[in-house]
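Here the protein sequences line up with chains A and B, keeping their order. For the record, in the first sequence the residue sitting at position 27 is 27 according to the numbering used here, with numbers rising by one throughout. For the record, in the second sequence the residue sitting at position 5 is 5 according to the numbering used here, with numbers rising by one throughout.
Honestly, the hints are just simulated from the structure, not real lab data. One thing to keep in mind: the hints can contain errors.
Now the in silico label distances, taken between C-beta atoms and shown as ranges [claimed, not checked]:
1. B:G16 with A:R59: 22 to 32 Å
2. A:T38 with B:S7: 11 to 21 Å
3. B:K79 with A:K71: 14 to 24 Å
4. A:T13 with B:A53: 18 to 28 Å
5. B:Q14 with A:S27: 23 to 33 Å
6. A:Q54 with B:P112: 27 to 37 Å
Using 30 Å as the maximum straight-line C-alpha spacing, the simulated DSBU-like pairs for lysine-lysine come out as follows [as the list claims (entries may be wrong)]:
7. A:K57 with B:K59
8. A:K57 with A:K71
9. B:K42 with A:K71
10. A:K11 with B:K69
11. B:K63 with A:K57
Every residue gets a Cβ at the ideal spot worked out from N, C-alpha and C, and that includes glycine.
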Amino acid sequence: DTGVSQDPRHKITKRGQNVTFRCDPISEHNRLYWYRQTLGQGPEFLTYFQNEAQLEKSRLLSDRFSAERPKGSFSTLEIQRTEQGDSAMYLCASSLDRGLGNTIYFGEGSWLTVV
Amino acid sequence: EDQVTQSPEALRLQEGESSSLNCSYTVSGLRGLFWYRQDPGKGPEFLFTLYSAGEEKEKERLKATLTKKESFLHITAPKPEDSATYLCAVTGVMDSSYKLIFGSGTRLLVRP
């Protein structure tokens with residue numbers, strides 16, 4: 001069990017550029033989540049996949065954000081036309097649907113700085 | 001709307017000085033309450049899940065308890081390596097995604 005893997009760990013981009021983050025969940029985990037975290041705050045939910053289906057999106061996820069999970073394996077989060085307000089840590093998490101015992105495990109996060 | 005409030009925002013302890021962190025929650029039917037530890041620049045690390053009032057769980061110097069309105073994370077005789085941000089989160093029975101709603105965390109600093 002290698003844990004949730006995220007790439008890149010750090011990204012600095014100029015305002016207006018597009019960025020893409022990749023997440024590899026724990027093997028066989030069918031649920032996948034993206035969260036965003038800014039300094040001094042707890043993680044905020046962005047979107048949720050069950051297998052390859054994107055079942056829920058937060059109001060925080062503007063039209064510039066898109067997420068995919070092809071074939072229910074890895075996931076990507078793309079931010080188009082980045083703004084300085086997008087600077088944050090983007091966390092991916094996964095879990096196995098076992099009803100009550102649905103523990104969510106997080107990756108190390110991808111730091112985005114928009115300059 | 002589901003909500004989690006953690007207090008205090010920050011806590012400084014001397015090594016060996018026991019204390020408690022508070023997590024108050026509002027949720028339409030609690031499915032589970034979760035505690036995570038987060039070190040600077042890293043993702044949250046799972047500690048405990050509590051499901052019903054009266055439940056307690058322990059791990060080394062940490063003990064988590066749950067009532068119908070709040071949870072406490074008790075830290076007994078802390079060491080400097082316990083310094084981290086401790087996050088509380090809930091998920092409600094009405095939420096089919098099982099997503100977590102987090103509080104802002106308590107930043108704990110344990111001085112030697």
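Now the hints, each set against the structure:
1. A hinted range of 22 to 32 Å is violated for the C-beta pair B:G16 and A:R59, which are about 45 Å apart.
2. Range check, A:T38 to B:S7: Cβ separation about 20 Å, and the 11 to 21 Å hint holds.
3. Checked against the hint of 14 to 24 Å, the C-beta distance between B:K79 and A:K71 comes to roughly 45 Å, which is inconsistent with it.
4. Look at A:T13 against B:A53: about 47 Å separates their beta carbons, and that is not inside 18 to 28 Å.
5. The hint said 23 to 33 Å for the Cβ distance between B:Q14 and A:S27, and at roughly 43 Å that hint is violated.
6. Separated by about 47 Å at the C-beta atoms, A:Q54 and B:P112 break the suggested range of 27 to 37 Å.
7. Taking the CA atoms of A:K57 and B:K59, the gap is near 34 Å; set against the 30 Å cutoff, the hint is violated.
8. Between A:K57 and A:K71, the direct Cα distance comes to roughly 19 Å. Compliance with the 30 Å bound is thereby established for this hinted pair.
9. With a C-alpha separation of about 28 Å, the suggested pairing of B:K42 with A:K71 holds against the 30 Å cut-off.
10. Only pairs whose Cα atoms come within 30 Å are accepted, and A:K11 paired with B:K69 is rejected, the gap being roughly 40 Å.
11. At roughly 34 Å between alpha-carbon atoms, B:K63 and A:K57 are farther apart than 30 Å, so this suggested pair is violated.
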